[in-house]
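Protein chains in written order, with our numbering: chain H, 1 to 451; chain Z, 452 to 935.
Mixed in with the good hints there might be a few duds.
As the list claims (entries may be wrong) - Output of the computed footprint for chain H on chain Z, the stretches with three or more beta carbons under 8 Å from beta carbons of chain H:
(1) 453-462
(2) 567-581
(3) 602-608
(4) 687-697
(5) 826-839
To be verified - According to the in silico footprint, chain H covers these stretches of chain Z (three or more CB under 8 Å from chain H):
(6) 509-520
(7) 717-731
(8) 850-863
No lab work stands behind these hints: they were computed from the structure. As the structure is a computational prediction, the values presented were derived from the model and not from experiment. Cβ coordinates follow ideal geometry from the N, Cα and C atoms, glycine included.
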Amino acid sequence: MSRYGAERLFDLAVPVLGTDEADGVEVVLTRDRTALTRFADSRIHQNTDRSDGQARVRVVRDAPGGVRVGVASTNRLTPDGLREAARQATAIAAATRPAPHFGGLAAGGLAYPKAGRDDHGTADCPPQRRADIVGDLLRGLSVGVAGAGVVETTGSEMAVMNSHGVRAYHVGTRAMINILATGADSAGYAEGVASALDDLNPVVLARRADDKVRLGARPREVPPGDYPVVLESGATVVLLHRLAQAFAGRAVRDGSSPLAGRAGQQVCAPSVTLVDDPLSPLLPGSPFDAEGVPRRRTTLIERGVAGELTYDAATARAVGAKPTGHALLPPNPLSGQPTHLLMDGGDADLAELVGGVDRGLYVTRFHYTNLVHPVRSTVTGTTRDGTFLIEDGRIVGGVRNLRFTESVLAALTAVEAVGRDGEVVYERFFGDAYAPPLRLSSFQFTSTSTH
Amino acid sequence: MDRTELAELALTEVTALGPAFADVRAVAEDSESIDVRDDRVERATRTASRGVGVRVLVDGAWGFAATADEDGAAVRRTARLAVEIARASGRVSGAPVRLDDTPPACGTYTTPHVVDPLTVPVAEKAEYLLRATEAARTVAGVSFVEGTTDAWRRHTVYRSTEGAAVAQTVLQVGGGLAAFAVGGGEVQRRSYPTSFRGQFVTGGWEEILALDLPGHAASTAREAVALLAAPDLPVGAATTVVLDSSQLAMQIHESIGHPLELDRILGMERAYAGGSFVRPDDRGRLRYAAPLVSVTADATTRNGLGTFGYDDEGVPAGSAPIIADGLLVGFLTNRETAALLGGISNGTARADSWGSIPLIRMNNVSLHPGPDEDVDRADIVADTRAGFLLSTNRSWSIDDQRTNFQFGCEAAYEISHGQLGRLYRNPTYAGRTIDFWRSCDALGGARDWRIWSVPICGKGQPSQVARVAHGASTGRFRATVGVR
Numbered sequence: 001m002s003r004y005g006a007e008r009l010f011d012l013a014v015p016v017l018g019t020d021e022a023d024g025v026e027v028v029l030t031r032d033r034t035a036l037t038r039f040a041d042s043r044i045h046q047n048t049d050r051s052d053g054q055a056r057v058r059v060v061r062d063a064p065g066g067v068r069v070g071v072a073s074t075n076r077l078t079p080d081g082l083r084e085a086a087r088q089a090t091a092i093a094a095a096t097r098p099a100p101h102f103g104g105l106a107a108g109g110l111a112y113p114k115a116g117r118d119d120h121g122t123a124d125c126p127p128q129r130r131a132d133i134v135g136d137l138l139r140g141l142s143v144g145v146a147g148a149g150v151v152e153t154t155g156s157e158m159a160v161m162n163s164h165g166v167r168a169y170h171v172g173t174r175a176m177i178n179i180l181a182t183g184a185d186s187a188g189y190a191e192g193v194a195s196a197l198d199d200l201n202p203v204v205l206a207r208r209a210d211d212k213v214r215l216g217a218r219p220r221e222v223p224p225g226d227y228p229v230v231l232e233s234g235a236t237v238v239l240l241h242r243l244a245q246a247f248a249g250r251a252v253r254d255g256s257s258p259l260a261g262r263a264g265q266q267v268c269a270p271s272v273t274l275v276d277d278p279l280s281p282l283l284p285g286s287p288f289d290a291e292g293v294p295r296r297r298t299t300l301i302e303r304g305v306a307g308e309l310t311y312d313a314a315t316a317r318a319v320g321a322k323p324t325g326h327a328l329l330p331p332n333p334l335s336g337q338p339t340h341l342l343m344d345g346g347d348a349d350l351a352e353l354v355g356g357v358d359r360g361l362y363v364t365r366f367h368y369t370n371l372v373h374p375v376r377s378t379v380t381g382t383t384r385d386g387t388f389l390i391e392d393g394r395i396v397g398g399v400r401n402l403r404f405t406e407s408v409l410a411a412l413t414a415v416e417a418v419g420r421d422g423e424v425v426y427e428r429f430f431g432d433a434y435a436p437p438l439r440l441s442s443f444q445f446t447s448t449s450t451h
Numbered sequence: 452m453d454r455t456e457l458a459e460l461a462l463t464e465v466t467a468l469g470p471a472f473a474d475v476r477a478v479a480e481d482s483e484s485i486d487v488r489d490d491r492v493e494r495a496t497r498t499a500s501r502g503v504g505v506r507v508l509v510d511g512a513w514g515f516a517a518t519a520d521e522d523g524a525a526v527r528r529t530a531r532l533a534v535e536i537a538r539a540s541g542r543v544s545g546a547p548v549r550l551d552d553t554p555p556a557c558g559t560y561t562t563p564h565v566v567d568p569l570t571v572p573v574a575e576k577a578e579y580l581l582r583a584t585e586a587a588r589t590v591a592g593v594s595f596v597e598g599t600t601d602a603w604r605r606h607t608v609y610r611s612t613e614g615a616a617v618a619q620t621v622l623q624v625g626g627g628l629a630a631f632a633v634g635g636g637e638v639q640r641r642s643y644p645t646s647f648r649g650q651f652v653t654g655g656w657e658e659i660l661a662l663d664l665p666g667h668a669a670s671t672a673r674e675a676v677a678l679l680a681a682p683d684l685p686v687g688a689a690t691t692v693v694l695d696s697s698q699l700a701m702q703i704h705e706s707i708g709h710p711l712e713l714d715r716i717l718g719m720e721r722a723y724a725g726g727s728f729v730r731p732d733d734r735g736r737l738r739y740a741a742p743l744v745s746v747t748a749d750a751t752t753r754n755g756l757g758t759f760g761y762d763d764e765g766v767p768a769g770s771a772p773i774i775a776d777g778l779l780v781g782f783l784t785n786r787e788t789a790a791l792l793g794g795i796s797n798g799t800a801r802a803d804s805w806g807s808i809p810l811i812r813m814n815n816v817s818l819h820p821g822p823d824e825d826v827d828r829a830d831i832v833a834d835t836r837a838g839f840l841l842s843t844n845r846s847w848s849i850d851d852q853r854t855n856f857q858f859g860c861e862a863a864y865e866i867s868h869g870q871l872g873r874l875y876r877n878p879t880y881a882g883r884t885i886d887f888w889r890s891c892d893a894l895g896g897a898r899d900w901r902i903w904s905v906p907i908c909g910k911g912q913p914s915q916v917a918r919v920a921h922g923a924s925t926g927r928f929r930a931t932v933g934v935r
């Protein structure tokens with residue numbers, strides 16, 4: 001995808017920013033190209049490349065009792081496409097009731113920090129290179145072990161402009177490699193996410209996945225119950241994502257956050273520090289949100305104490321707070337909540353985490369987690385792709401997968417030790433996050449699976 | 452250029468490169484989404500998305516490229532890129548992909564409807580929702596109320612090198628209401644007619660008016676308030692559960708629909724969405740459910756959210772038995788996977804946009820009604836000595852082989868000696884797929900049967916979201932309740 005660049009995107013938007021029928025206009029322009037090579041049963045079975053874009057036009061009209069707001073989007077990034085979107089947004093604004101909680105358009109003249117990285121080798125990665133990486137991954141597996149997974153490269157641009165003078169532009173890249181290795185009765189998984197494809201090592205990932213296949217062969221069944229656990233980064237990330245909505249001003253407003261009214265209180269173990277940081281070099285991120293508000297590091301939990309909450313403009317307005325740069329393009333239901341989570345690492349290596357468990361479980365990854373009770377932060381899901389029994393401080397073999405049903409805050413309260421070497425892991429719907437492996441003194445498993 | 456010209460331009464370009472097979476979808480989709488909360492419109496959005504996707508098979512390997520740029524040069528470039536990608540796939544290929552012998556279809560289809568939902572003014576829709584939220588807010592104890600409506604109109608022109616030529620326009624529309632009661636560390640939600648933005652169908656705006664959201668608002672709100680005062684469903688052992696038809700639809704989705712997608716069974720989704728405990732040779736052998744249970748995948752069901760004229764490989768919509776009298780008899784297939792088993796596709800290849808490849812997706816995967824047409828939920832409750840009636844989905848989870856599941860519902864009522872008793876909040880139930888379906892011993896009849904929607908079914912990489920449906924009536928099973 002050839003880049004448009006800031007000036008071309010700004011030039012597209014300017015004609016619709018000033019119309020007589022609007023008291024304020026905001027335009028968000030995005031362009032992205034995602035190429036994904038997918039393999040299963042040790043062959044490439046799907047291989048796709050998609051170039052798309054979006055122009056989202058938000059029109060604001062003053063009205064007694066508030067303002068009227070209309071929004072329309074198109075992927076026709078042409079002057080005609082934007083004019084039509086603006087016309088539709090204006091018509092919607094004229095037809096709707098005043099919105100008392102409209103958060104307002106961001107003010108111009110804002111300074112934006114640096115975020116993410118723009119790697120041309122990732123943005124323009126040819127399909128031949130992705131296929132060769134798949135070959136490297138598969139060659140890293142043992143005989144009799146099958147591989148499945150993806151090699152994905154993305155390049156994206158985003159510009160936010162409004163009639164108050166906001167002019168924000170960002171270009172960035174992202175790459176992801178993952179591999180599931182499958183043997184006769186066991187599996188292993190490894191994943192890497194970075195801003196540049198060159199920063200990922202397929203050979204290392206394949207070896208990690210392959211090692212787990214051998215380690216987990218002939219899995220035994222253990223009964224459900226409370227176990228000490230060691231969670232790999234991928235499992236930790238899933239729990240953190242499921243807690244993320246608790247930090248959203250919207251959840252506090254609606255009464256569904258377990259952290260409502262608990263700012264400054266100890267809510268989990270002192271070893272837990274969790275931030276939202278779109279500016280971290282560890283994560284692919286952008287320096288502003290979908291409303292043109294600058295992003296920044298937000299401390300959500302510091303040494304176990306509940307900290308800041310996060311807002312888009314509308315939820316900030318509703319509770320009398322200031323936007324924190326957490327607006328996403330609607331209809332994304334995650335708008336207003338943190339989506340660039342990082343948990344601070346500790347000083348234990350993985351062997352030390354395992355070494356501290358007399359009898360417990362080691363979890364590579366969770367599957368299909370869902371919130372059961374938001375206010376209690378209770379989540380259910382199952383383990384997958386590498387679950388092991390720990391006895392006397394060492395992994396002694398694989399176990400069949402189990403279902404857990406547990407409060408995330410309770411789990412974070414049970415943190416005994418935090419690993420040194422964290423990883424960036426992707427979770428569907430939530431995006432990328434960085435977390436270390438953890439050792440918990442107790443984690444509740446409620447049933448077993450058949451595999 | 453219109454959709455037909457774009458599709459034919461792309462097909463001409465790609466055909467010149469000599470692939471064994473190619474198909475093209477030129478798609479224009481318009482959509483609208485409105486959210487109201489209490490007395491205000493929170494969001495009203497129109498969206499337009501247009502583009503062309505080109506899929507090719509070269510030397511037995513797939514390539515796909517898609518662009519939103521409808522300039523002729525960009526479309527031709529995209530066609531050539533698809534071939535380049537397919538050649539790259541050939542660097543790590545297995546057995547060559549073969550397609551089934553589905554004859555190329557030619558035809559047109561438009562969703563039957565009275566009023567195209569995208570022609571109804573935003574203000575009219577918003578006022579309809581606001582009448583509902585305002586009616587719900589008259590109930591004491593309600594904290595806030597949300598109303599939503601969504602609509603899509605997708606026009607697709609399909610062409611293939613085999614000669615298929617299809618044009619179809621599918622209209623989908625949804626609407627719903629949710630009342631919330633908050634207090635004492637609890638948030639209780641009651642939804643009408645079902646959760647997660649309500650009920651979705653193929654059809655016109657008249658289908659949403661027929662839901663009569665304002666007329667059901669107060670009773671929905673009263674149930675939310677009652678739930679806030681109710682106790683938690685106690686932690687229990689295996690017991691009898693009666694599932695209302697909307698929750699049973701979700702159960703069908705997770706523990707019948709997904710595990711019987713043949714791409715999952717063959718391992719194509721294993722690394723991401725997961726696999727299936729079912730094996731290809733289970734067909735005709737596996738006693739999946741009790742004899743009372745039969746399931747069909749039917750893309751022609753009236754108003755079903757998964758109803759269409761042709762799938763995204765140009766296969767005409769049809770009806771395929773999946774479970775017959777408890778026996779597994781079929782899978783959901785596309786042209787590639789059907790050929791591997793020596794059959795032909797049952798037309799379930801669907802893409803969520805012009806920019807996505809078609810994957811095996813559910814259409815309307817529906818449970819047949821029970822044998823007695825007049826049996827309904829009240830009859831099944833009256834026939835139950837002890838257990839719980841669970842209503843309306845709140846959460847869902849199932850393992851990566853689709854065996855171990857756990858669902859949460861909005862409300863549960865105790866059943867004692869055929870009578871509904873105490874109301875409980877935060878109910879959950881759990882079990883294993885085969886044990887659960889084999890335990891089915893009562894199903895509501897045709898009058899109790901209804902087609903329900905699941906509008907947010909995730910699968911594939913890049914992730915796709917499909918809109919599917921499941922017909923179900925009230926059902927009775929054994930499961931473990933109160934897991935937490």
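Tested hints:
Under a criterion of three residues with beta carbons nearer than 8 Å to beta carbons of chain H, the stated coverage of the stretch 453-462 of chain Z fails, only 0 such residues being counted. Counting residues of the stretch 567-581 of chain Z whose C-beta sits closer than 8 Å to any C-beta of chain H gives 5, which meets the bar of three, so the coverage hint holds. Under a criterion of three residues with beta carbons nearer than 8 Å to beta carbons of chain H, the stated coverage of the stretch 602-608 of chain Z fails, only 0 such residues being counted. Under a criterion of three residues with beta carbons nearer than 8 Å to beta carbons of chain H, the stated coverage of the stretch 687-697 of chain Z fails, only 0 such residues being counted.
Three residues within the 8 Å Cβ limit are the bar, and the stretch 826-839 of chain Z against chain H gives 0, so the coverage statement is violated. Restraint check on the stretch 509-520 of chain Z versus chain H: 9 residues with Cβ-Cβ distances below 8 Å, three needed, restraint holds. Counting residues of the stretch 717-731 of chain Z whose CB falls under 8 Å from any CB of chain H gives 9; the rule of at least 3 is met. Interface restraint, the stretch 850-863 of chain Z with chain H: holds (7 residues with C-beta to C-beta distance below 8 Å; minimum three).
This entry does not satisfy hints 1, 3, 4, 5, going by the numbered hints stated previously.
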